[in-house]
Structures are given as C-alpha cells and as structure tokens.
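Q: For the record, the sequence lines run as chains A and B.
Going by my numbering, the first sequence opens with residue 9, and the numbers climb by one from there.
Going by my numbering, the second sequence opens with residue 1341, and the numbers climb by one from there.
FYI, nobody ran anything at the bench for these hints, they're computed from the structure.
Heads up, a few of these hints could be off.
[As the list claims (entries may be wrong)] Partial list, derived from the structure: chain B residues whose beta carbon lies under 7 Å from chain A: (1) 1345; (2) 1349; (3) 1362; (4) 1366; (5) 1406; (6) 1455; (7) 1456; (8) 1462; (9) 1470; (10) 1491; (11) 1496.
For each residue, glycine too, the CB sits at the ideal point set by N, CA and C.
Now for the letters of each chain:
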Amino acid sequence: MLALSTGDPTGLAGVALLLAGSVFGLGAMLAALFAGASLTDDEEPDSAGPRAFGTRFSPASLFAWCVGAVSLIGVPLFGGFAARQLTSAAALHLGNLTVPLVGVAWAGDALLALALLRATAPAFTQLTADIGEEDEVESESGEEETLAEVAEVAAGKKLDTRDDLNAEANEDIEDTAEEDVDAGDLEDEDAEDENDEDAEDDEEAELKPGIRERRAPLGDIRALPALVFGLLAVALGIAPQVLLGFFGGTLAVGILAPVHAVDRALRSTQVGYAAGFGQWLPGIAWGALVVLALIFTFTRSDSLRVARMPQLAGDQEPAEMKSESLEHVEQAPELNGLPEPVETWQDLNAIFVSPFTLPAGAWLLGGAGAEVAEEDEAANEKAARVALELDEAEEPEETTEPEDLVEEPEVPEMPEVPEVPEVPETPEMEEPEPEEPVAAAPTASAEAASVASEESDDTPPVDSSQETSDDTGEATGSADSADSPDSATQPVAVTPDAKPTVSASRPKPTTNVKPTVKPAPSKANAPAKGGKPGGKSGGKPGGRSGGKKQSGGRP
Amino acid sequence: MNSVVAFLIAVLIYPGALAAVVAALVLGWARGAARGAVAGERAGNGNGNPLATLGEWRSGLRSGAVVPGVREALLTGGGAIAVLAPLLALVLLPVPGNPLVAAIGLTGDLAAEAALLLVVPAMRLVVGWAVPSTVTRAAADRSVRLLAGAVLPLALAVTVAAYQLDTLGLAGTPKAAPNWVGVVARVLAALTFIAVLPVLARTADRRAQAGVADGADDGESAGAPADELGELVGRDLASFRIAEALQLAAAAAFFVAAFVLPIVPGISKGVGYGVLWVAGVLLTAAGLGLWEGFVAKRPTTVEGTERPPLTWWLGWPLLVALVALVAASWAVRGL
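In isolation and in its complexed conformation, chain B is listed as follows (with noise of 0.2 Å):
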C-alpha cells in the first residue's frame, strides 16, 4: 500500500480519528453499563449511552460560553492537545489492522505511547490550576497527587514490558524463551498497570458537577469532591469529555498491547488476535466501570474523599511494580 494513502487511512479512518471516535462511544458505554450495575446508577444517568453521549458532544460543542479569568487561548489549546493526544497514541499503535504496519513497518514505542497517555491528565491540571478558583485548584492539587502517585508504577511496568522484549516497540519478541518466572513478571507488571489505569482513564466527576448544577445538596453531590474541570462550559468541556472517551480507548488498547498479548504471546495474527484484541480492550473498560462502581458505592465521608493519594508511593502497585522488575530479570538472565 501506498504509505500515502496508508498514512490517511491510519489518521482518518483506522486506528485514528472515525475509528477512535466509535470505539470512545462503545468503551464508554461499556464502561458506564458495568458502573452502573454495581453502583446501581439509573440508566442514562451518565452510564456512557453512546447516542446521547455523542448528543452531549455535539451540544456542548456548539456552545461558546468561556469561564472569565483564563486565558481563552489556554482553553482551546488545551482542550484541543487534550483530544489529539489520546488520538495520536491509536495512530502510532500497531493494533491490528493499522495500515501503517504494513506500510511503513510501524512497531509503535512504549515510552511514546505511555507519554501520550499522560497528555490527558496533565492537561485537566493545567487547566484546574490556570482557572482562578479555589475549588479547581485545590482539585488540580488532590489530582497532581493521584498523578504523581501513578507515574512511579506506570514506568516501572512499562520498563518491565520493554525490558522483556528488549525493545521499545511493541511488536517485538520476548528476549528469553517463556518461562514461568517470565510470566509472572508479564501479570505483575499488567497488575501493576491495571492499578494505574483509574488514574489515566479519569474522567469528571458527574456527581459534582450534576450537584452544582442542579444546586443541589444532597449527600451524594455534597459528599462528592468538586472536579479541576469544575468550572468549564461549553465547547471546553466538551472537548475534555471527548478527550477523556478518546483516553479511555487509548488507555485500553495501549493495555492490551503492552501488558495482555506478551502473556499470550502464541497468538499473533489470524481471527483469534483480533477477538483478543477486542475482547481486551472491552473488558479493559468494563473493568474500569466496575471499579469505579464499587468505589461509588462504598461509602466515602469527607475525610475518605480527601485522603492523600500521594501514599501510593509507598503502596502495593509500587511494590508490585518493583516485584516484577525482579522477576523480569530472573526471566532474562535466569534463576
């Protein structure tokens, strides 16, 4: 194929812009569908329903309200950076089918693709930090310190991967032939990632921000902490919405890439790598659903919902991550 043709096709349509688009939809339903079980959520209360959350977009959009106090030039860049990141991560990820790896031999980068994943958050700070509110920042900061307590992890699993297939890219082989010891090290570092995934994939708390705008005080709202996109309207937050559907696929497909298919690594082409690939990445976002609807529905005070993230630090998904580094090397150069 013509790398021409094959580059538009990989920006446009597959993996990239329509493809991103349907698969952010489909995720986010997913997604929503498994919260909403567990957490018991009504339907189409911001369950992901794809229709009304393409409805959503399109509305929010054509909006032009701006919140004072911010440079607009902030707000558009940002949300606009925010979108093209996640989308830039599928087109430079060699899922099945990507034209590109046909055409100009695409392998992808881990370390890229786990920078790109951090756009999105990185960008809700900015914005938490640049409005002047007390609320959004002090939100910024509670998130910074989710953040910074997930980038520690994120890159030692990410280190494992790479170390294991001693390549930056992702469609590399294992260096070492598969042993236990090998696998292990494999579902630690998926563990530890799975661990980092509700920090990546975070999206606005609907909670907060139906409660502001219903002005209500219930103790749901109430006992929800306010968002550092809290105080965005209009075509801003729309894009922060699109961009944290586009995150979600992201997010999940770079999982799958990265941390699910070296464990099985006899499955590398054919219909059985495309239904793992699907499949992965499905059960990525209903996980994440049913994660934050049990977090949603354990009961949280003010206390709980303030408490610093910043002890992961010394948490299980660093010590996990440190585990498997260990055992990646016992793989590679043996016990």
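This is chain A alone, in the form it adopts within the complex (with noise of 0.2 Å):
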C-alpha cells in the first residue's frame, strides 16, 4: 500500500519483488504446514510452527518454514527484504504521512517475527520418543549418543575412551555425576534387563516390519514442494535483481508507472540493486555471510557432544522426562513450562482502552459494545424463556421416582439412557468441583460472558455438564451421564450448545452470576503454567478482565 500510494517506479518494483516473495514465503509456510500434518481438512491439530506435536520431526519442513517466515517478514538476506527496502526508501523519499508509517511497518514486522519465533520454537524441543527414533538410526551407523549413555559416561565407565572431553566437561559430567550417581547405577542394574528388552525389541520388529517401513521419508517427499519454495525465497534474497532484470520484474512496472522511468531509478548490479536513496548489495552480503560462516565452522572444536542435566532451578526437568507422567494433561509435552502471554494482553490491554491511543474510541466502539450486549441479553433472555418452558414441562416428572424416567424417558433421541441407571450414584454427580461453575454463564453480563466464553471454550463438555447437576440426584445431563436416567430428563446439555439451556433452567439461575466472574480475573492473572500459547484465556486483546487488573499500579 506505501509503494502504490507513492508512485515512485522504485516503490513499485518494491510491489513487484513483493508479489514474488509473498508467494514464495507463504507457499513455503503452507506447504510446510501440510507437510508436517498441521494444516488438514479437518480439525486442525495443535503445532509448534508445522510440526503438529507428538509427530516426528522434519528437518526439512522446519527449514521451509523457518525459510518462508523470515521471507514473509522481511528478514536482511531473504525474499522479502528487497521489495520493504525498495518500499521503505520510496515512502521515505516523498515524506509526509508515509514516513511514519513505514516506522510502524518496519516495527509491525518485528513484532510478527518475535511471535513466530514464539510459535515455532517449541518445535525444537526434543522428546523422549524423538531421542528412541534417533538412537535406532544411529545405532545403526555407530554415532549413538544418549542420554542413557550420558549417564554411563557419569558413572565413570567411558570417560577413558573420550579423548575430546576437555577438562571443563569433564567437570560437568563429574558433578552430573553426583548427582546422577544413583542414575548410573540403576543403568548399571539394568543393563541385563535391556539386553533382554533390545531381543524383545528386535521381535517386535520383526513382527511389525510396517514400522520400519513408515519411516521411510514420506515426510520428506511431502516436504518437497516445501523446499522447493523455499529454496526459491533464498533465491530471491540472494539475487533479487535477477527478477527485476531477467524475469521482467521492471517490465512489469511499466504497466503501472511511465516506461522506463524504473530503468532511470533503478540501476541493477551484479551483486545487488542500488536506487537513487538506497543500496542494496545482497550478493556481498550473503558472500560475507558464507566466508565468516566457514570461519566460523573451522574455527569450532569438533568435541563429542555430551548431554548434561539442567541446572536451573524450578521446574527444570526436561520434557522428555516429564512427557509420560503428564499424559492426562491436554497441553502438549513440547509445550511443558511455557507459560502463556497473559501479562502481555494485559499490558496492551491499556492500549485498547487509553484515550490517547484509541482517540473517541468510547464513543465510535460504544455502539458496538452496545449491540454486543444487546445480542447477549436477547440470548440470555432467549435461554431463560426455553428454561422456563422446560421447567413447566418438568414439573410433573420431578416429583416422580428415578425409575420411573428409566422407565418413561421423554426424549426419544436418546435411547440408550435408560440402559445404564447405576451412574447416579457416582461421586462425579454428587460432587461437582468448585471450578467448573466458569463453563455455564448464560445469565452473566456482557463483561462476564465474554470471559466465560474464553473459559467454556476450554473446559470439556463433560465437566461442564457435571456442574450443573446438584446434591439432590437432579442431574441436568452430561455426556458423561447422558446415559442415566436423569439425564433423560434434560438431554438437551449433552451438546455444548445446549448449555445456556440448562444453566438457565436451574431454579436459580443468578446464582451462576458470581463464580463465573470471579475465578474469571484470577485465572487470568496468574502466571499460568503449562498454557498453551496463543490460548484463548490470553489471545483476546481487548479481554476486560486484564484490564481491570491493570489498576494495580502499572500505566
């Protein structure tokens, strides 16, 4: 938009490398996201960058994406960065409006690089499933280095036969020794038992030769086009004046400005471009770029890498470790430890309220929170109204035995109810946690919906059916206990959608008010542990919950 609203034939030969980098980058993105089984068509599975977690990782469907990313965003070196400083320059050139704005683009683009640094870092995280794939390949070709090994290493047994440990790995092992001590023992007390294992292994396999044949590089080949693309974004950073010379890039600015004018502005080299207000010399850069790295590579010792323990203190147990004994907790192991951008909505939170940032924003957002809140109360009034339909239709069949709802279910959609009647007499029923009342707020306020949303977003259906059952027996219905027979009377709660409905038939349906705002805050507010990022709790920007957090003492 800055290069076209310039006009400048330098501006637009920056929209013509654009076009070529957003393509390449984006491609490279998607089709790595396909590649890593991350972009489906379906639901689509949680990911760090294109490696959807809990799958095997692709080195090349990380380069592709790690490639497209920095050409989207403009990165020195790659795709993009030639079309911004061809723009930027432009913009700069003409002055007035365009120059702060070419200040916010550069910093727009620095910020969406740090969240897809965010995004994709987890990917590197390494499991225990990883390391065991590894070891097989390398156990193969001899290189196997593990982190059972590690701990042979600390027991002392193969330090001899390290020549390249220096003196100051040898003193990380000796007090990863220490403190691994009983570590190495046990692997001592197990080696005989994992001869044992290694033969079983060994008949497994022969047993499933699928396995083996499943990690042939069909994940590589899907990553082919991946790499093609990317392969193409370095291109067009190394030489972008091949497409401004060679592939008409000028030529096709001629459709837009005077002909040849971006010949007169636009004076390409071998090793780059130079504008009359900028230079750019990519060639020079990527050669230095390639010498210094071969220094750089030279110039490193070739010692035996040797995994060490974490020192840190906390919660400091890799991922790997602690993957199997979090098996019940939905957030993926790769994820363990990162906490969610909570305090970084509620910093900008004061962004989208200020005045000064948002001048009238009161009054030009305040139709639209209005119709929100109308939209609400229409809904809860809605809800209220199918409530009271529901409950005069109950009414009777309160005062009857739970045998007879066995007996006589009423809704006949659901004819597997009556099959299971002992359920009621599960604790689950008799004991709703304290939590779960966040999931139902039909009858909240705007405000209070809005963050009721976000937390009913994220409990299960199950839990959030269980509290609306209470202490009496009077299930309201579950999918969890959609097959007893109180669940019968209101199996409209068995969808997520049908829980206004049921919140709203409770006798007192007020009462949800309260503890679906309160936790609401707090929940928010807390260092939240394990989150995922980019969760629901912490991706609404203009989530009023932090907002009023922020009254304590911050700007």
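Both chains come to you apart, so use the hints to assemble them.
A: Put into structure tokens, the structure is as follows:
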C-alpha cells in the first residue's frame, strides 16, 4: 500500500518483488504446514510451526517453514527484504504521512517476527520418542549418543574412551555424576534387562515390519514442495536483481509507471541493485555470510557433544522426562513450562482502552459494545424462556422417582439412556468441582459473558455439564451421564450448544453469575503454567479482565 | 582496489572477523570497567578483562557439553547465526577504512543494519523457548516483552535518521540545510536509540548464572532473574557470549554512524573522522556499562525485576521518538 501510494517507480519495483517474495514465502510456509500434518481438511492439531505435536521431527519442513517465515516478514538476506527496502526508500523519499507509516510497518514486521519465533521454537524441543527414533538410526551407523550413555559416562565408565572431552566437560560430567550416581547405578543394574528388552524389541520389529517402512522419508517427500518454495525464496533473497531484470520485474512496473521510468531510477548490478535513495547488495552480504560461516565452522572444536542435566532451579525437568507423567494433561509435552502471554495482553489492554492511543474509542466503539450486549441480553432472555418452558414441562416429572424416568424417557432420540441406571450413584454427580461453574454463564453480564466464553471453550463438555448437577441428584445431563436416567430429563445438555438452556433451567439462574465472574480474572492474571501459547484465555487483547487487573500500579 | 580483494579484506580483517573480535574485546572491557566502577564490583568478576574473556571463549568452545531436550541443530545453528549477524552488520557498515566503500561504493543500509542488530536478541529468545525448562521459558517471555517494547522506538529512531538523510544509506547527506530543529531531531533520535541500546546489547546475567553455578543463595544472586540462556553450557554458551560481545561492537558502531555523525556533519573525512569514530564507540560502550552499573547498584526487589517491561510502549522512549519524528518533519519542510 505504501508503494502504491507513493507512485514511485522504485516502490513499484518493490511491489513486484513483494509479490514474488510473498508467494514463495507463504507457499513455503503452507506447504510445510501440510507436510507436517498441521494443515488438514479436518480439525487441525496443535502444533509448533509446521510440526504437529507428537509427530516426527522433519528438518526439511521446518527449514522450509523458517525460510518462508523470514522471507515473508522481510528479514535481511531473504526474499522479502528487497521489496521492503525499495518500498521504504521510496516512501521516505516522498515524505508526508508515509514516513511514520514506514516506521510503524518496520516495527510491525519485527513484532510479527517475535510472535513467529515463539510459535516455532517449541518445534525444536526434543522428546523421548524423538530420541528413541534417532537412536535407532544412529545405532545403525555407530554414532549412538543418548541420555542413557550420558549416565554411563557420568558413572565413569566411558571417560577413558573420550579423548576429546576437555577438562570443563569432565567437570560438568562429574557434577552430573554426583547428582545422578543413582541413575548410573540403575543403568548398571538394568543393563542385563535392557539386553533382554532389546531382544524383545527386535522380535517386535520383526513382527511389525510396517514400522520400519513407515519411517521411510515420506515426510521429506511431502516437504518437497515446501523445500522448492523455500529455495526459491532464498534465491530471491540472494539475487533480487535477477527477478527485476531477467524475469521481467521492471517490465511489470511499466504497467503502473511510465515506460523506462524504473530503468532510470533503479540500477541493477551483479551483486544487487542501487536506487537513488537506497542500495542493497545481497550478493556481498551472502558472500560475507558464507565466508564467515566457513570460518566459524572450522574454528569450532569438534569435541564430542555430551548431554548434561539442566542446572537451573524451578521446573527444570526436561519435557521428555515429564511427557509420560503428563499424559493426562491436554497440553503437549513440547509446551511444558511455556506460560501463556497473559501479562503481555494485560499490558496491551491499556492501549486498547487508552483515550490517547484510541481517540474517541468509547464513542466510536461504544455502539458496537452495546450491540453485543443487546445480543447477549436477547440470547439470555431466549434461554430463560426456553428454560421456563422446560421447567414447566418437567414439573410433574420432578415428583416422580428416577426409576419412573428410566421407564419412561421423554426424549426418544437418546435410546441408550435407560440402559445404565446406576450412574447417578457415581461421586462425580454428587460432588461437582468448584472451578467448573466458569463454564456455564449464560445469564452473566456482557463482561462476564466474554470471559466465560473463553473459559467455557477450554472446558470440556463433560466438566461443564457436571457442574449443572446438584446434590439432590437432579442431574441436568452431561456427556458422561448421558446414559443415566436423570439425563433423560434434559438431554439438551449433551451438546455444548445447549449449555445456556441447561444453566438457565436451574431454579435460581443468577447464582451462576458470581462463580462465573470471579474466578476468571484470577485465572487470567495468574502466571499460567503450562498453558498453550496463544490460548484463548490469553489470546483476547480486548478482554476486560486484564484491564481491571491493571489498576495495580501500572500505567 | 580489486573488489574481490577488498571483499576478502573486509570480511576477514577489517571491519570483519579479526577487527570485530578485537573491538568486541576492547569495548567489552570498557563496558565492564565502567560497570564495575559504578557498581563497586571486584576486578575480574566479569568486568571484561580482554585476556580473561578470550580464555573464557576458548575454553567454552572446546567443551562439548549440551543441554538435553533441545535439537542440537538449533543450538549449533542459533549460536552460529547469533555470531554471524553482528559480524555481517559490521562488514556492511561504512566505517572509516572499510575497503568495500572504495571498491564498490558501499553505503550501507539503515533498515538492514537495524534488522541485523535484532538477530542476537531474537536467537536468545528462540533458545530460551526451545529449552524445555520453565525457568528459561519464563525468562524468554520476560525478554521478549523487553524487546517488543524496544522495537517501536528503534524503528521510529531509524525512520527519523533515514528521513533526514533522504536515503536508507548511511553515507548520505542531510536533505535540508542544517538548522536547529534538525539538530534537535537528530539528538532526540539519538536519545531514543540510547534507550534501546541496553536491550540490543544485553548480556547474560552473570550474577544469576554465577549463583546457579555456585549453588549460592545469597541475596545478590537470588535477586537476579534467571536468564534465557541459563541452561546453555559449553560451546553453545560460548557462542552466545561471543555474539553478545560482537553485538556490542556492532550496536555501538551503528549508533555512531547513524545517529552521532549526522549531528556533526562537518567532520566527514580525515583524522578527526577516525578519532570521532573510535571515541564514539568507546564512549558508547562505557556509557552502557555506566547504565548497567547504576541499575545493578539500585536496590531491586523481586517485584521490581518482574515488572513488565512492555510498559515501554507508553514510556518516554516512544514519546521522544515521536517528538523526533515531528521535529524532523519540521526541519525538512520548514516551520
């Protein structure tokens, strides 16, 4: 937009480069997502970059993803930078309002880069399963180096065979040995058992040859389009002048600018290009990078890489060690210990409500807020009416015994309900968990409803329905208790969409408001441990819970 | 001069690898000495003695220890990128005597230089997030807020510099004749970048790492927040130490080239130009050390260290940057 607004032929040449860079960069990212099984036609799994959690590490797709991302956001030396450089130079030359817009655009690219880094970094976390797969491969080539071997080294078994380990590494290993001597002993004791287990694993491998076949580079083949796009993006970053000259980039500019105007403004060279108000020599930069990388590689020691245990206090257990113990948690092991960016959104909330950064925001957006509130209010009234109708229909049934309900289920679409009448005796039905009322907040105010919607999305339907049951055994229905006789009275609670109806059907629906509103801010402001990045509780910038909390001394 | 020879000299000797390492050691010493003088730290306690620093790098690079739970490719590649980015920034900077200036007419690029200066903090964040430790991931989250708060003032300061020079090159001449409003704009842009310098040239917190290594629980080390590189050991940590030192040299040189020299446009050649360069980068490093010394000396509480640095969004660096932008516009278009 900046380039088109300036009308400068140099900026228009930047648009031609931007189109190519965006196609290559975005194509590489999308193809990498597909290769990493993160982009499907069904519900997409949680992932870090292109790698869906729990899947095999694919260096090719991750490389393509990274190259595409840096090309898309315009990191120097990659495809998108030349376009931004030409556009920025033209806009700065024009002056006026485009000058601060250029600065804001640069800052936006940098902030987007930070977000992409945070979203991609957990893909490099190594889990036990990954180590195991690599061990299989490395054991075939005789380069096995695992944590178990580290424990053996720490126990002093293999120090004499490691000539490359220097004194510092030995000190580290000795420190580790003091801490993990028990682990080393356990390794010794389990050595014989491991041999037996290896034999069993070999037998299993023979019984399941498909496992080996599945490890064929199918993922890498799928990543081939991503690699092609990524390499094109790299090529565009190395030689943007080729696209401008040989591939007709400057000719395309002639459609929007006077003919040969760009030829006068932009001069291509062998190592880059030079405009009247800017110069970019990616050939020099890439050449320097290659030379420096070679120097860096040859000057680095090739000593053996030996893993050592984490040393910081706190939750220092690696994810691979906790993955098994955290199987019951929905969070992926790769995200272990990665907090939700709740505080960041709280800080940003001040911007969204500040009259300085959002002049007349209350006046302009007040109507939108009122509309939302009216919609919520209408939905609540509708839910209340439906609840009253259901209550009226239930009144004669509430006096009947549960056995009667089992014999005469009112809802014909749930035939399996009468089959298990013992479910009301389960403790889950009698003792609802305290934090679960967050899920059902249909009668809360607009503020509470916005918070509750976040929480209810994260809350499984099972939990949300459990809270609707009361101590008297009048279960309002849930996914777990759908086969109970009580659930037959209100089968609408089986689906999440029916939550408002269920909650509003209670005799005192307003009692749900307080537990819904109060836990939300405390939960949002607590340093959530192990939350999903970009999770819904921390993902709404305009959430009012953070704004309320910000009255604690921050500007 | 032959362009190939000039390229090799620029990359390998000056201002490339060799000169950059020497400059990094000297500037690190100046920074450490200033910090130690203000904070009252003991000599040799991480105060940047060049020989001690060099020995620390060498011993670290020989170590093959690696933290588990992270792909080795990330640690190796991240460290390499962190080292190469400030080196590349120095090579592409038209410092006095850069052979590329005479050979191919190198003018540098403000946007590329600023972006390359963001690589080292970004790689620190990547490593901190990738290591499966709650401590490093929380530290990375704190650091990214710090960096995000510095990005906008940095971008606006660079915008002011480019707007006044009417080019993204660093060897340009001001668009309008120097007047007092233009000088004010340049000074304000320089002040903005000074506020960003501690974020760009941040080093690993030695207090925290020393406390962790010694197992000490004294007040000094206990009050220091953990660093996102706290789990790194061996050559990976040494690579980031080298990258931090080179980053200081690159950031100081960029500051002098983009913000100090335009304030005194009369000096563009000769001995005075070189002296101004050397004095500028030395004073920048020393000033950074002074600031760190004052910060270290200031009593900090746990609450203070956990203060969200993203409040910089509404802080004075952004305000100064906006004023500089307005002043630059006035200077170019006239009051």
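Q: Hints first: check each against the structure and report whether it holds.
A: Hints and how they fare:
1. 1345: violated (13 Å)
2. 1349: Status violated, d = 11 Å.
3. 1362: Residue 1362 of chain B check fails; min Cβ-Cβ to chain A is 15 Å, beyond 7 Å.
4. 1366: violated (20 Å)
5. 1406: holds (5 Å)
6. 1455: holds (5 Å)
7. 1456: This hint holds: residue 1456 of chain B lies near chain A, its Cβ roughly 6 Å from the closest one there, short of 7 Å.
8. 1462: Given a least distance of 6 Å, the restraint on residue 1462 of chain B holds.
9. 1470: Result: holds, 4 Å to nearest chain A Cβ.
10. 1491: holds (4 Å)
11. 1496: Result: holds, 4 Å to nearest chain A Cβ.
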